[in-house]
Structure formats: C-alpha cells, structure tokens
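There are 2 protein chains.
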Amino acid sequence: MIAKTPAPPYYAVIFSALQTDDVEGYGEMAQAMVALAFQQPGFLGVEHARDGLGITISYWADEASIANWKANTDHQLAQKLGREKWYSAMAIRVAKVERAYGFAVDPAAPKA
Amino acid sequence: MIAKTPAPPYYAVIFSALQTDDVEGYGEMAQAMVALAFQQPGFLGVEHARDGLGITISYWADEASIANWKANTDHQLAQKLGREKWYSAMAIRVAKVERAYGFAVDPAAPKA
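Heads up: the sequence lines are chains A and B, in that order.
To convert a position in the first sequence, counted from 1, into the numbering used here, add 2.
To convert a position in the second sequence, counted from 1, into the numbering used here, add 2.
Any given hint could turn out to be false.
Since the list can't tell identical chains apart, any single copy or any two copies may satisfy a pair.
[As the list claims (entries may be wrong)] Below 25 Å or equal to it, Euclidean Cα-Cα: the simulated BS3-like pairs (lysine-lysine) are:
1. Lys87 to Lys72
2. Lys6 to Lys87
3. Lys6 to Lys82
4. Lys72 to Lys82
5. Lys98 to Lys6
6. Lys98 to Lys72
7. Lys72 to Lys6
Hints are computed from structural coordinates only; laboratory data are not their basis.
Can you build the whole structure from these sequences, using the hints too?
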C-alpha cells in the first residue's frame, strides 16, 4: 500500500486527475498499466488513492527510467485515451525526492 | 481539486498513511490542519485522496516554508497524535518538483 522505496534520492511522478463520466475501459487499462510499470527498469513502487480526485504516485530510480516509461508504446496509447476520453483535468509533476521518513511502511515491521 | 501551482521549481511534501481503527478526532484535526496550512507563508496548494491508503500532497515555495510548517505548534500536536493514535503506517517524502504539465487544471479554462 505504502511503497517501500530505497533511500533518496530517487524520483516521484505525481499524477493527479479528475475523471469524465466515460469510464469505459478505464479499469482494465489502469490495472494493465500498473502491471506494466512493475516490469520497467528503474521502477521502485506506486501508491494510489481516489475519492473524486485520483492521485497516483509512481517512484523511479532516475529521469531515464521515467523517460523510458513515458515512451512505452502501450503506455502511450493509455496516455492518449486518458487525454481524449477518461480525464477532464490532469496534472503530472516530476519531482526529485530529497528526503523521506516515516514508520511501519513495511507491514512486517513493528511500529516505531 | 487539482492544485493550481506556479511554474516549477517548487516543493511537494508527499504524505502517505494507513489509518488505525481509532479515528476519534481525526476528521476535525485534518480539516483544521488544511485550513492552517493555507495560512502559512510559501503554501501553494494541496491535493488529497483516500481509499484505504490516504495520500495528501502539499506544495510549497521552498524548503524554508516546509520547515516552518513542520515546526508550527498546532501542527506538531497533530503530528504527535497521528504517530501515536491515527496512523498505523506513514511515509513522508519531500521532493523538488522539476517539471509539470497537464490540462484543464483550472476548471474555468477549456480542455486543451
């Protein structure tokens, strides 16, 4: 649920979107894209939540990994459908994670 | 819903958390903290979603603004209660937004 990322620095791609009323095909595509992301070089993890606003944060080792994922052919089709069909508004922010902290991110570990 | 942030660079604080079963006082505190964040110097906006995992991303002009907010007395009480009572797991990542794009983030603007 909470991504188990390595020590910084690494990158976060923050994807925030509002959906249209047309969700046909969206669920399948979203699932397929997450599965595909996991196979990409440099992929470190993903976090997602939605209630009205949908937020998906994917974590990547470096800028090259992000560029490679953005250029993936199947992902490009998903991006096109997102722009044209599924999303009424969308923002993507690419950010370099400089520091991180927390507790119990690994569910097997005791609460600090 | 989607934060209307200025051109990069700026900072994102990505807060990801799983809740305990004890939500007493949580809703009021969360609302109060958002209202208080809006009053802080350097605050640029906030995005939130929850379904199981809760994700709150606040955007800030610079590191000094983030440090100031973290040290805020009322916010420190909220942080303490979060650690001790409301959250079973939590991760905070501080990241520098290097580039951003999207469409229709301003609901008054036409879809690009």
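Checked hints:
Proximity of Lys87 and Lys72 under a CA criterion of 25 Å is satisfied intra-copy only: 19 Å inside one chain copy versus 40 Å between copies. Taking the shortest alpha-carbon separations for Lys6 and Lys87, only the inter-copy value of 22 Å comes in at or below 25 Å, while the best intra-copy value is 32 Å. For the homomeric pair Lys6 and Lys82, the shortest alpha-carbon distance between copies (23 Å) is at most 25 Å, but the shortest distance inside one copy (30 Å) is not. In the homo-oligomer, the alpha carbons of Lys72 and Lys82 lie at most 25 Å apart inside one protomer (12 Å), although the nearest pairing across protomers, at 39 Å, exceeds that limit.
Taking identical chains as interchangeable, the C-alpha atoms of Lys98 and Lys6 lie at most 25 Å apart whether they share a chain (16 Å) or sit on different chains (20 Å). For the homomeric pair Lys98 and Lys72, the shortest alpha-carbon distances inside one copy (17 Å) and between copies (20 Å) are both at most 25 Å. For the identical chains of this complex, Lys72 and Lys6 are neighbours both inside a copy (22 Å) and across copies (23 Å), given an alpha-carbon limit of 25 Å.
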